[in-house]
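Asks: Protein sequences appear in the order of chains A and B.
Per the numbering used here, the first sequence starts with residue 1, numbered consecutively.
Per the numbering used here, the second sequence starts with residue 115, numbered consecutively.
Hints are computed from structural coordinates only; laboratory data are not their basis.
Check before you lean on any hint, since a few could be wrong.
Derived Cβ-Cβ restraints for the label pairs, each shown as a range [unchecked claim]:
| no. | chain 1 | residue 1 | chain 2 | residue 2 | range |
| --- | --- | --- | --- | --- | --- |
| 1 | A | E10 | B | T124 | 24 to 34 Å |
| 2 | B | P122 | A | V46 | 35 to 45 Å |
| 3 | B | P132 | A | E56 | 44 to 54 Å |
| 4 | B | L196 | A | P114 | 33 to 43 Å |
None of these values were measured; they are calculated from a predicted model.
For each residue, glycine too, the CB sits at the ideal point set by N, CA and C.
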Amino acid sequence: AQKVTQAQTEISVVEKEDVTLDCVYETRDTTYYLFWYKQPPSGELVFLIRRNSFDEQNEISGRYSWNFQKSTSSFNFTITASQVVDSAVYFCALRVYNTDKLIFGTGTRLQVFP
Amino acid sequence: SQTIHQWPATLVQPVGSPLSLECTVEGTSNPNLYWYRQAAGRGLQLLFYSVGIGQISSEVPQNLSASRPQDRQFILSSKKLLLSDSGFYLCAWSATPGTSLVDTQYFGPGTRLTVL
């Protein structure tokens, strides 16, 4: 069975601090996709990134970076120099190849204070 | 570009009343469509998904049903709402296999339903 664990329920930081959101996944399949979504207070889920299981290259997009390590089944998300607008709930998700189902973690609520 | 719409944005309904939530997608054809529910302070639960007109798969047996009368329209319904149906309902789409966007689900703005 597949599972995504986001052990951090809530994180609070002060603006300009760096913060890392953890994601650990479980699957026996060798081909799968990992995702991060952002849910701001408005509620809409905003797609941030997709990674497939064959691509362990880390990715950086502006202040966002992602660290994918198959050896530890982790796909962690780091925000550098956090801003108040980064305050949201962040979800990590897993989808196994040839299935339609996204398995979501329970989310991490990030609060960035000015 | 593709866009996804949901309405209404918010809804307050009495217990026992019917429900109809609508989701439409623009800018793509033959999408896969999904309904999720998010209870207050919790994660997302997949309710239904559809790979084509009239094709509905249910993930969790419950008080709700879904229909897909047109290629880019997905409707979530109930004949009699329960208190436990309260939550935030999100519709999502993904492209069909063979396209570059096939692996990612994109979400709509959601409908916040309160059953009293």
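Asks: A separate judgement is required for each hint: does it hold in the structure or not?
Replies: For each hint, the structure was consulted:
{"no.": "1", "hint": "A:E10 x B:T124: 24 to 34 Å", "result": "holds (25 Å)"}
{"no.": "2", "hint": "B:P122 x A:V46: 35 to 45 Å", "result": "violated (21 Å)"}
{"no.": "3", "hint": "B:P132 x A:E56: 44 to 54 Å", "result": "holds (49 Å)"}
{"no.": "4", "hint": "B:L196 x A:P114: 33 to 43 Å", "result": "holds (42 Å)"}
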